[in-house]
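Residue numbers (the working numbering): 1 to 469.
Since the hints were derived computationally from the structure, they do not count as laboratory data. Hints are supplied without guarantee of correctness; some may be wrong.
Taking lysine-lysine and the DSSO-like style, the derived pairs with C-alpha atoms no more than 27 angstroms apart in a straight line are [to be verified]:
1) Lys-369 <-> Lys-130
2) Lys-369 <-> Lys-359
3) Lys-202 <-> Lys-328
4) Lys-463 <-> Lys-237
5) Lys-369 <-> Lys-76
6) Lys-359 <-> Lys-70
7) Lys-130 <-> Lys-201
8) Lys-463 <-> Lys-438
9) Lys-359 <-> Lys-76
10) Lys-70 <-> Lys-130
11) Lys-173 <-> Lys-202
Each pair of labels, with its calculated beta carbon distance range [said to hold, decoys possible]:
12) Gly-395 <-> Gln-83: 30 to 36 angstroms
13) Lys-237 <-> Met-393: 26 to 32 angstroms
14) Ser-247 <-> Ala-100: 38 to 44 angstroms
Glycine is no exception: its CB is placed at the ideal position from the N, C-alpha and C atoms.
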Amino acid sequence: MTDSLTSRRSLMRYGAYGAAAAALGGVAANWDRLTGADIPGRDDGSLVVATLGPAYGPAAVRTLTEGFRKLHPDIKLRINAVQAVDWSDFFAKILTQIAAGTAPDLVYVATEGVQLFARRLGVALDHWVKRDAEELREYFADVHPSLVESMMYEGSLYQLPVEFNAADMYLNKQVLWRAGAAFPAPDWTRDDFTALLRDMKKSSGSRFTPYFWTNRLWGGVVPWLFANDTNLLAESKAPGGAWLWDSFYPPADRRGRGGGYRWTTPQATDARVEEAYDYLASLIQEGLCTRPEGGNGQNLVGVFSTGRVGVTPAGGFWAGGLHLAGMKAPDYDVQYFPRWRTQRMQFGAAGYALLRTSKRQEEAWEFIKYAARRDTLTRLFTTNQTTPARRSMLGPARYRETGPRHWQVFYDTLDKFPDTGPIPAPPQVAEVEQVLLKHTGTALASRRAVAPALRRMQGDLEKAMERDV
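Could you put the whole structure together from the sequences, leaning on the hints where they help?
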């Protein structure tokens, strides 16, 4: 959202990885042939962890490496901070490593890739979680079950979430003041949101955009689908998971939990999906927002901080990004996404996936546990470049310098809205996202274009979901 490194780090966590992820599904089936594990000299005895380079710069790599070495001096660790511009580039480079016979042991994976990795490339962590249950009890008590459930696939756990970001609403307080508008209440509605945009537009110049959002899976049209009590794909829960829920969570927190999400039948032509698109098209028609841009909106911090945008959806990572851009804590604030039929919201999370070809799975498990420790995450997440998965890490001291005033919103999006869930990311997520982005742009050309574009989206989604990754 800005040219600063910290903001790019945060944004790339939840971008698309398009063609690379599609290729990943195909490569996975031929992994044994591609790894080149039998080639001499490919193994120096290190546990290799691949991370997205801009998300984990030199300081973060040192933090992880030095801390792990103190705990496990017998394990040789190498962190490969792969320099990439986004998830697509990152996974393309991981595939190159695999083809060259230098596959890592662990890969940092966001929600978009969880099920793809779990289905083809990953190792379930169930055995280790059960074995080390007492050691992990403190971790699970500090992490919301929705984040954990988003890392499950068909009854098994594949990652321990270390961070997440929910799509909340950021508001420029200078623009609110200019419009004579009050900060919205937690239970504000879609109609309240529309009225606020109109007030902002009336009090601002021609170069002002009341609402800005980007065309992507996280934070794009999906939050509006959730708010209208629908989704891009039919959503259900896989059976299983009781082994985890019964061991670590009280009855109130494990009620309704399962073995991970299933996203199946496309429903782009559902009446509520069309209603959500029509609403967004109406905002564009009225001049309350522009047609969404693709990518991650790299210039958005600048236009928001200077008052040329009034409202935008973003996660806890924006607290660090806005601060880095020079915006003071009193100049902006954050509120829950507005209610429509429901006030269910969406998030994306991330953690380390263990690859099944790893010959150091016990050592890799020790790193996974280390990376999820509170002291590790406290040293790692110092600039509010994300929202820590651990609830206890969010407090007044963390946001005193960067803001926002209502920082509690970040974790309360989970705690006070327990039906809040992950973005729809089946194993075929690469194709699904490409279809979504393509047809969303077309659908919002005008209100008349919505229904035809969604019919084409439905057909393309059906083809995408038929592919066996």
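> Can you list which hints this structure breaks, lowest number first?
Replying inline: 7
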